[in-house]
Structures are given as structure tokens and as C-alpha cells.
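Visitor: For reference, the chains in residue letters:
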Amino acid sequence: MFLSLLVAQVLILNHVHFLGVGTPLLYVYFAITFRRNFPKWLVLVSCFLLGLFIDIFSNTPGLASSVMTIAGLAQCYLMNLIAPRDSAEDLAASIKTLGFSKFATLSAIITGLYCVLFFALEAFNFFDILMWLARSFVSTVLTMVLILAIESVRSR
Amino acid sequence: MRNLLDFLYKYHHWLVFILLEVVSVVLLFQYNSYQGSVWFSSASAVAGKVYELESKMTAYLSMAKENEELTMRNIYQERQLDQLRRLYAEATKDTTAAELKELEFLSQYKLIPAKVVENSIHKAENLITIDKGRKDGVEPDMGVACGNGVVGVVYLVSDHYSVVISALNAASSRISCAIRGRGYFGYLHWYGGDPSVAYVEDVPRHAKFKLGEWMVTSGFSSIFPSGVQVGKIEQAYNSSDGLSYKLKVRLSTDFGNVRDVVVISDKSIAERAALMQAARDSISFKQRQ
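Heads up: the protein sequence lines correspond to chains A and B, in order.
For the first sequence, numbering that gives the first Met the number 0 gives the first residue as 0, with consecutive numbering after it.
For the second sequence, numbering that gives the first Met the number 0 gives the first residue as 0, with consecutive numbering after it.
Read the hints as simulated data drawn from the structure, not as lab findings.
Treat each hint with caution, since some may be false.
As the list claims (entries may be wrong) - Taking beta-carbon pairs under 7 Å as the criterion, some of the chain A residues facing chain B (in silico):
id	residue
1	L18
2	G21
3	T32
4	N36
5	F37
6	K39
7	L43
8	S45
9	F47
10	S151
Just so you know, even glycine gets a beta-carbon here, dropped at the ideal spot from N, CA and C.
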């Protein structure tokens, strides 16, 4: 999963610029699917590493890694909020286990948070609020479409 | 003490989180300074190799178009050269001297051909990775051009790959350029957005030029030799302080489609840099006295 997301992002998705503003950041899917009660430090470290590798390939050191770490942390807490109380302790987030609406909410929150922070940091010394919002929004939508498509195939 | 340990154990993931964020932020800011690490960029060996494979696969698709462009430009320049030779010969009645001078001028520069392995045009700060590095004679601060015009300036160098600051880099790219045949100069600056349009700033108010004239590199920056094509002047504006012109330039390089580039290594740069340093030293020495 780690490798396939990395390769897909670097070789294909980084070249997608929908309407010149949106780039699908599919690798955030990696952060969404961790099991509940998975050691938190391991979630953080693996998210950080995936972000770091993405950074190395796209010449943005620290950008994806910092935001991926935040996404990993957010996932740990959101999982506990969203998953039903009586569900299994090691529940992994997917359409199958959470149901469509809950999974969609979870991934929408994480993806949205990720894109907003990512493009804010990327545009650090070049700030244009409309462009920032447009890029975050379009990228979130694109990423969500991809995540839900992959997830619905996997849950069959 | 026990409480502290318990506390640390309970919230150790927060510590990990803070540690990782600090590492990221250090990376994020350190890279902006000039001594960024080659290891965390696409000039690192593994990333470079992957991109090289990818670009080899896609290179064939765009070759026909690029060939066509280069041929057109070649023909155009041959005709121009021919005409200039004739004019020079008419003016001086001497053909051998002209050829000698030409050879002398050309031998001053060493051109290192390279292939673009990774490129972007949609970010605010675009960087290009090429497949030549220190072992091929590439050094930071060398100019990079393609058949149609300027591309950028070498920024980081590893043994076999280099990262080039594209002219389409809103934060760091300032290429000194001049109006061809007139000499007035300014700095090329790109503001993001359209990858085929950039602006030349600080052109003096008394400069005379026509729309549609060519901007070329000025040769003042000691990165590019003079006369490398930049683009055509499309519109002229007043700068915000009203003291200079700002020219809108249609770039002649198609950044979305650069494959073959040359790194320009100017042997006289080291000499000029040494001279400049000597001048600075003598000024500071005088001030101290």
C-alpha cells in the first residue's frame, strides 16, 4: 500500500492539474485506513515517512511530511469519534466496516484538512486567498472521488 | 517523577508528533536557504533514476514536435549568420578575421548537453531536474538553456543529477535580460499562473523599444552569456512606483515541453567572480582605514 500509493502519486497523479488548480493527493488515503487502537506513534511515523518520500520526489522537503503527520494524528482521534462504540477494538476504516456515510465523512474531514493545510504551506510566500481556496477545494473533491472509487472496489 | 513518567507514557504519541513536525518544519525552511540538502530533493540518486526512466518513456512522444521546432530555428539562425557574415565582410573587407573572432567567442563557453528528467509548470516555485551532475562538470549557478531560449539556473548538484530553478519560479528566479540591439536591461520575474508569460522589471523610463522586439539575456549576471533568447515584448506597463517600465514578455521557451537542454559553463565566470571579490575586498579595506 505504501509503495503503490507512492508510485501512483509520483508518476501519475502529480502530473494531473485539473483546470490548472486541482491535483489529487491520493496518498492521504494511507492515513485514513489505519486500524483503531493501532499504536499512535507508529501511525505518525509511517505517515511522516510516506510524506517524506513524496517530498523527495516532488522537491518539497517537509511539506507533505508535516501535513501527513497532522493527518495521521487527526485520524487517530476521528476514528474514535466516528466509529460506533460497540464495534471491534481493531476496526479498520473502510466502507464495509463503517458504512458509506460514516466512511465518507471521515475521509472528507481528513482529506479536506490535508488539502487546506498542504496548499496553505505550499503557498507560504506567495499568498493568494482565492487561489488557495480553489486549489484546496478542487483537490479535495478529486481526492475524495478517487478514494471512494478505490474503496468501493475494495469493499466488494 | 513517577507521575511524570506516567504522563510521558500516556502521551508519548504527542511527543512523537511534535518531534516529527519539528523535523518537517526544519526541512521546509532549510531548503529555502541556498545550502539545501541534495538528499531530500529529486537530485538524489534513487528519485533521479526513477524520473529518468519515466522521462525516457515519454520522451519519444514529444520528439517530433521538438525536432521540428529545432530545425526551424536552425534554419533561421543559419540565414541570420550568413547575413551577418556578409555585412561584416562588407564593412571590414576581411573575412578570415571574422571567423577567427567567432571561434574565439564560442570557445569561451562550454556547453554540456543534458536531458530534463523531471519538470513542473503549475506550482508557484517550479524546479527542473536534469540528468547531468557534478561528474559531468555541472556546478551551481550555471545557466541552462534549450533550443528556444532560457530555461533556468542550476541550484543543487549531486554526482549525476542537478536541480535547476526554472525561470518559472516566482520566489527565486531573477534572470538579467536586455532588449536585443538596444541594451536597456531589467530582471525577468514570473508571478505564477500562465507558464508562457513573464515580466521584465526595472527597465528605465527613458528606454526606447517597440512592442514585438526580442528580450535576450544581458550577460551581466555572469550566469548566461549575452544574447540567449528570452521572449518577445508583448505589452509595456508603468511600474507601481512610476520610476520604471514593466514589460510583459511572451516567453520563447515552451516550459511544458522542454526535453533537451544545455548547461552553459562560462570559463570567464570564475575570473569575473574573482575580480569582483578583489574589488569588494579593496573597498572594505579602504573603509577600514
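Visitor: Next, verify each hint and record whether it holds.
Guide: Each hint tested on the structure:
no.	hint	result
1	L18	11 Å, violated
2	G21	10 Å, violated
3	T32	18 Å, violated
4	N36	12 Å, violated
5	F37	11 Å, violated
6	K39	3 Å, holds
7	L43	5 Å, holds
8	S45	11 Å, violated
9	F47	4 Å, holds
10	S151	29 Å, violated
Checked against the numbered hints above, the structure breaks hints 1, 2, 3, 4, 5, 8, 10 and satisfies the rest.
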